[in-house]
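Numbering that gives the first Met the number 0 puts the first residue of the sequence shown at 0, with every later residue one more than the last.
The set of hints was computed from the structure by calculation and includes no laboratory data. Be aware that a few hints might be false.
In the DMTMM-like style, the derived pairs of lysine to aspartate or glutamate whose C-alpha atoms are separated by at most 25 Å in a straight line are [stated by the list, open to error]:
| hint | residue 1 | residue 2 |
| --- | --- | --- |
| 1 | Lys77 | Asp49 |
| 2 | Lys85 | Asp126 |
| 3 | Lys85 | Glu104 |
| 4 | Lys85 | Asp27 |
| 5 | Lys134 | Glu90 |
| 6 | Lys85 | Glu60 |
| 7 | Lys85 | Asp115 |
| 8 | Lys77 | Glu90 |
| 9 | Lys134 | Glu104 |
| 10 | Lys77 | Asp32 |
| 11 | Lys77 | Glu60 |
| 12 | Lys85 | Asp62 |
| 13 | Lys79 | Asp31 |
| 14 | Lys77 | Glu104 |
| 15 | Lys79 | Asp49 |
| 16 | Lys79 | Asp27 |
| 17 | Lys85 | Glu133 |
| 18 | Lys129 | Asp80 |
| 19 | Lys77 | Asp126 |
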Amino acid sequence: MITQIPRQIMTPFIAKLIKRGCVTTHRDCPIDDLIQVLAQRRIGTIVVIDGDNQVIGIVSERDIIRHLSTGAQTAGTKTKDIMTSKVITVETNVTSSQLMQLMTENRIRHVPITRDGHLVGIVSIGDVVKRLLEKYEQEAEQLRQFINS
Numbered sequence: 000m001i002t003q004i005p006r007q008i009m010t011p012f013i014a015k016l017i018k019r020g021c022v023t024t025h026r027d028c029p030i031d032d033l034i035q036v037l038a039q040r041r042i043g044t045i046v047v048i049d050g051d052n053q054v055i056g057i058v059s060e061r062d063i064i065r066h067l068s069t070g071a072q073t074a075g076t077k078t079k080d081i082m083t084s085k086v087i088t089v090e091t092n093v094t095s096s097q098l099m100q101l102m103t104e105n106r107i108r109h110v111p112i113t114r115d116g117h118l119v120g121i122v123s124i125g126d127v128v129k130r131l132l133e134k135y136e137q138e139a140e141q142l143r144q145f146i147n148s
């Protein structure tokens with residue numbers, strides 16, 4: 000079963016970074032289903048949660064490729080067999096600069112966002128870069144206006 004977390008429960012800062020809800024699944028979901036959802040939704044990652052909406056894993060395109068590169072098949076393979084269990088998460092009060100640093104240092108492209116330990120969304124490196132560019136463009140415009148006044 001794959002579900003989607005609604006955007007409205009996110010804080011305003013995180014809501015600005017996240018364009019879409021967070022697609023989730025459970026540990027026993029067949030990876031054939033995961034692959035289909037990744038392709039249909041044109042996303043690169045699905046977060047694995049438990050019954051309490053807590054993050055227990057993450058599956059990315061890289062995890063699937065790593066699995067297939069060993070010669071393994073997808074039939075009969077469950078999410079728990081290929082997911083990354085040590086997931087780096089952040090709380091909703093994180094800044095875009097902190098996210099950029101965290102993602103760069105850990106060489107990750109997606110970070111689940113939690114509030115009080117429960118999943119509320121996910122942010123990608125593309126979302127963070129776009130947010131930082133918007134911020135710098137606003138600052139540059141303010142400087143131009145100041146100089147021209």
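Restraint status (C-alpha distance of Lys77 to Asp126 at most 25 Å): violated (29 Å)
For the pair we were handed, Lys79 and Asp49, check the Cα-Cα distance against 25 Å. Holds, at roughly 12 Å.
Tell me if the straight-line CA distance from Lys85 to Asp62 falls inside 25 Å. This hinted pair holds, its Cα atoms lying about 13 Å apart.
Tell me if the straight-line CA distance from Lys129 to Asp80 falls inside 25 Å. At roughly 33 Å apart (the allowed maximum being 25 Å), Asp80 and Lys129 break the hint.
Hint consistency between Lys85 and Asp126 [alpha-carbon to alpha-carbon, up to 25 Å]: holds (22 Å)
Please verify whether Lys77 and Glu104 have alpha carbons no more than 25 Å apart. Judged against 25 Å, a Cα distance of about 29 Å means the pair is violated.
Between Lys77 and Glu60, does the CA-CA distance stay at or below 25 Å? Distance ~15 Å between Lys77 and Glu60 Cα, so the pair holds.
Given the hinted pair Lys79 and Asp27, is their alpha-carbon gap at most 25 Å? Measuring from Cα to Cα gives roughly 6 Å; hence the hint holds.
Take the C-alpha atoms of Lys85 and Glu133, compute the straight-line distance between them, and say whether it is at most 25 Å. With Cα atoms ~32 Å apart, Lys85 and Glu133 exceed 25 Å; violated.
Starting from Lys77, check that the Cα of Asp32 is at most 25 Å away, please. holds (9 Å)
Verify the proposed pairing of Lys85 with Glu60, using a straight-line Cα cut of 25 Å. holds (16 Å)
Lys77 and Glu90: Cα distance at most 25 Å? violated (28 Å)
Comparing the model with each numbered hint stated earlier shows that hints 8, 14, 17, 18 and 19 do not hold.
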